[in-house]
Every structure is written in C-alpha cells, then in structure tokens.
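Chains as they are written, first to last, in the UniProt record's numbering: chain A, 1 to 190; chain B, 1 to 313.
Keep in mind the hints are simulated off the structure, nothing from the lab. Quick caveat, the model's predicted, so the values are computed rather than measured. Beta carbons: idealized from backbone N, C-alpha and C, even for Gly. Possibly wrong hints are sitting among the right ones.
To be verified - Here are a few chain B residues that sit away from chain A, every Cβ distance over 12 Å (derived from the structure):
#1 TRP5
#2 TRP16
#3 PHE91
#4 SER130
#5 MET135
#6 ALA142
#7 LEU146
#8 ILE152
#9 LEU161
#10 TYR168
#11 LEU198
#12 ALA233
#13 GLY239
#14 GLN309
What the hints assert, rightly or not - The calculated lysine to aspartate or glutamate pairs, modelled on EDC-like cross-linking and capped at a C-alpha distance of 20 Å, are:
#15 A:LYS105 to B:ASP206
#16 B:LYS78 to A:ASP65
#17 B:LYS45 to A:ASP90
#18 A:LYS114 to B:GLU208
#19 A:LYS123 to A:GLU42
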Amino acid sequence: MSKRYVMVHDENKCIGCQACNVACRSENGTPEGVTRLQVRVEGPFGQAPNLHFKYHRVSCQQCEDAPCVKVCPTGAAYVGEDGIVTIKEDKCVGCMYCVAACPYKVRFVNPETKATDKCNFCKDTRLARGELPACVTVCPTNALTFGDANEPDSEVAKLLNTKPSYQDKIHLGTKPRIYRIPTKRGGIES
Amino acid sequence: MNNTWGDMAQYDPVTWNWVIAVYLFMAGLSAGSVLIGIGMRWYSKDTLTESPILKAAAIIGPVAISLGLACLVFDLTKPFHFWVILVNYNFQSVMALGVLALLVYTPLGIAYGLIVLRDELPKWGLGFLSPVAQMLIGWRKAIEVLLFILAIGVGAYTGFLISAMNAYPMLNTAILPALFLVSGLSAGAAANSVVALLMFKVDNHDRELSRMHALELPVMATEIMFLFMLFCALYFKGGAAAVALASLTTGMWAGVFWIGVVGIGFGVPLLSMLMPAATRHTKGAMLMVACSGLTGVLALRHFILYAGQSYIY
C-alpha cells in the first residue's frame, strides 16, 4: 500500500516552547529571517479566570491536493513517490506563484538558494536515514506524532482513530496532512 | 521580531507586488490594442491601406508585451535562470500555458508589426528590416488570424493566472479573466488613439478613430458590470469573501479604486461626453480622455492584485 505520511499536533500537550522551531532550523540549516516551522501562541481566549491559549503549528500542511504543485510552471514543486511535497531547487526560477498560491502561507524564498523552500518532513535527511523529523524527536512533551497513516498499527493511525482531530482550511479541498488535536478546556483531571 | 516564535515577515499574504501589476497591465494593453487594431481592419474591409489605428496597434502590441515580459523576468528571484521556465512545463499550471502562448504571441506580434509598418520602416532608419517584412507579407492572413486568437488568450490569461489561486477569495472568481480581457480592450483603444494621434498624425475626425471611440462606451459599461458582478459574488458568498469587500472602504487600495479606477478611469471619459462636440473632438481632449482611461486600467490592475492578495481565506 502507498505511504501516507501525516503529522499529528496535540495542542493539549504543546507548551509553545519552540524547541521544534529551533530543531528544524538547525536540522535544515534555515537562514536567519525565514522559517519552515513556528508554533504561534494565540490568545488568551475566554473570560478570566478561565483563560486559555491556542498553540498553532504553522508549517507546510503537506496537502494531498497541493495548490503549490498545481501552479508551479516548471514542476519544481512536486509530489514525490512517498507522497511528500518537495522542491527541486534547480528547477525553481523564483516566480513566487507557489508562495502566493499557498493558502497556508508557509512557503518562502530561501535567501541563500533564491529558490522557494518549506517543510518537507525532513525527507532528505532524517527520514532518509529512517529517523523521525527533527521537530518530532525534540518535542519535550511528545506533542508531535509522525508516521504512515495507511499503516493501521502505526502510532498516528491509532491516534487519529481514537482522538478527535481537525485540519486547517479543509473547505479549500487541499486535504492537509497536518492533523491537530484541539485543546480540551477545563484543566487537567488528576 | 518580538514573539517567541520568530520573524513573521515571510507570512505577508501580499506576495506579488506592483511589478506584476504593471505586467498584468502591459499584457492586457498589448492584447487589447492588437484585438482592436485587427478587429477594425476586418470590420472596415479595407485591405489596401494600413489605417493609423492598425499602425498604432502594430507598435503597441509587441512593445507593451515586451516591456511586460521584462518586468516579469526581472521580478524573478533568479532572473538569469528564466530559460528554465522555457524548457520545463507543468501543463496544470496557468503560468506554463501562458508562457507557451506568449512564446508564440510575442514573435508573431513583432512579425505582424513589421508587415503593417513596412512603409514606415525606412523613415525610421529601420530600412534593413524591409526585406524581412516583404518576406512575411505572404503570410499576412495566417499571422493575423493566429495573432488575433492568441491576443484573446493573452488578454484572458492574466486573469486566469491570478484567479487560479484559491487562497484569495477576491481573486479566485470566474469573472476575473473576462474583466481583464474587457479592461484590456479599453486600455488598447485608449493607447491606439494616443499613438495614432501623436505618431501617425491622424485627423481628429478620422472615420476609423470615431468608430473606435464609439466602442469605448459599451466596453466601459461591460467593465463596470463585470466589476459589479465581482463584488456581488463576494458579498453573497459571505465569510472571508464578504470580508474582502472591506477593501472598497478601508485602506489605501480603496482610494486607488474610487479615485483611480472609478474617478479617473470611468468618470473622466464619461464626463467628457457631456462636453460640446467641438471641444470633445480636439486633439487635447481626446488625449486627456485616453490617458485617463489608461490610468484607470493601470489602477484597476493594482487594486485587484493588492486588495485581492490582502484578504485570505
């Protein structure tokens, strides 16, 4: 069966520490001023004293129907055999069509290569070595789970089967592969 | 940078800037000018003389598209790799299809220009091109028909290019290619009359020129109707699409729309029709009206591009 790599971000477990953000930057050598991944701490929401924050992971959603791939004139943005959306740097001329077309606004021009860049689940580095993406490994609260959702026994498949989750902007038909487990309010029960 | 998660500059939804707006304008202008020039030649059934309007179109067509393409290339982050886009094609991409169309349209426009301006070339010190024009003249009909069809494609293409992005509710509409094609026609008509009046010294009461002016009102009415349809579609779609209508009332782009597009682009030409015929048909008045029309179309491209990108789903 074909692979369907997905990532699950549990917003209950996330503490917004940005360890993933830093690990990503170091693993992928992301230049200063641009970023593949950030966790935005949004809020506070609600009425005091019942306030809560939302931890919003902002990174490539690895859409199954990716607008960036559709608009790219040269085929520099492409879907690999593993289903992961990546960029062939030498085919990119920097027309910015993909940057504009991305509904999640997670693509950027890498100031060093002048090509567009974004999260690719560490496809060429850690994934190629059989390791998990840098953000998943470094997360101190295990808020991130990564794996093949087509594999029924995988951790991600079990998680998606047992916990309610949502994806961003599904009404656009992009079929994002970043799933989010929403914050359960009311504190932690002992 | 003052949040824990870092710099947010790259997340600005406005990705394409004024250089692209100028390109959209130039492509529309080139296509509109060519469509009107060739269309009027066919309508007049006069195949013996080259009318000043056709000569104007023969200059504007290739020059505007070349300037537009120069904008496009220098806006790339790797301008010297632009050839990569000419050898790799993703046929799902509107831009790739546009590249193909422009790859044929631009040289064909130049060829057609040489044919139409063959008697002019020696006067401009371009006599060395006359043999090329003579060589091409046998192909005139084929070039003309193909160029006309491609001009429709290029005019609509700029609209398809930005309407293909479903991230932006104001851009992702079916009316945009039609709106751009029609506003390209009004820019083309305006530019044709400027060049015909200034370069080819056409008479103010020239029959062709009056015929082209008669086109302007219906074209403008269609443009206004398409804009109205665009805003209605956004309003009734609701949600983020309806929120995008705020661009008509707030911010800099509201000013560009009401002053540039409506006031200068539609208002000045419409009000000029109230002037007495003698004043209206002076060269100065005609040039002023044409320049207002061009300004309006340029403002429209800026408004649609910037306001369109400012609101995201």
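Status of each hint after checking the structure:
In this structure TRP5 of chain B is not separated from chain A by more than 12 Å, as the shortest Cβ-Cβ distance comes to only about 4 Å. At roughly 6 Å from the closest C-beta of chain A, the C-beta of TRP16 of chain B falls inside 12 Å, breaking its exclusion from the interface. A beta-carbon of chain A is positioned within 12 Å of the beta-carbon of PHE91 of chain B; the least distance is around 10 Å. Interface exclusion of SER130 of chain B from chain A stands, the closest Cβ pair being 37 Å apart, more than 12 Å.
Annotated as non-interface, MET135 of chain B keeps its C-beta farther than 12 Å from every C-beta of chain A; the closest such distance is 33 Å. Even its closest Cβ contact with chain A, about 28 Å, leaves ALA142 of chain B beyond 12 Å, as expected for a residue assigned away from the interface. The claim that LEU146 of chain B lies off the interface holds: its Cβ sits roughly 23 Å from the closest Cβ of chain A, which is beyond the 12 Å cut-off. Against chain A, the non-interface label of ILE152 of chain B holds: every CB pair exceeds 12 Å, the least being about 21 Å.
Here LEU161 of chain B does not stay apart from chain A, with its beta-carbon only about 8 Å from theirs, under the 12 Å limit. Some Cβ of chain A comes within 12 Å of the Cβ of TYR168 of chain B; the nearest lies about 8 Å off, and the non-interface call is violated. Every CB of chain A lies more than 12 Å from the CB of LEU198 of chain B, the least distance being 35 Å, so the non-interface label holds. Distance check for ALA233 of chain B against chain A: the nearest CB is about 17 Å away, which clears 12 Å, and the non-interface claim stands.
Under the 12 Å C-beta cut-off, the non-interface status given to GLY239 of chain B relative to chain A is violated; the minimum distance is some 9 Å. The non-interface label for GLN309 of chain B is inconsistent with chain A: the shortest C-beta to C-beta separation is roughly 7 Å, within 12 Å. The suggested pairing of LYS105 of chain A with ASP206 of chain B is violated, with an alpha-carbon distance near 53 Å, which exceeds 20 Å. The straight-line distance between the Cα atoms of LYS78 of chain B and ASP65 of chain A is roughly 27 Å, outside the 20 Å bound, and the hint therefore fails.
Taking the CA atoms of LYS45 of chain B and ASP90 of chain A, the gap is about 51 Å. The hint is violated against a cut of 20 Å. For the proposed pair LYS114 of chain A and GLU208 of chain B, the alpha carbon gap of about 50 Å is over 20 Å, so the pair is violated. With a C-alpha separation of about 29 Å, the suggested pairing of LYS123 of chain A with GLU42 of chain A is violated against the 20 Å cut-off.
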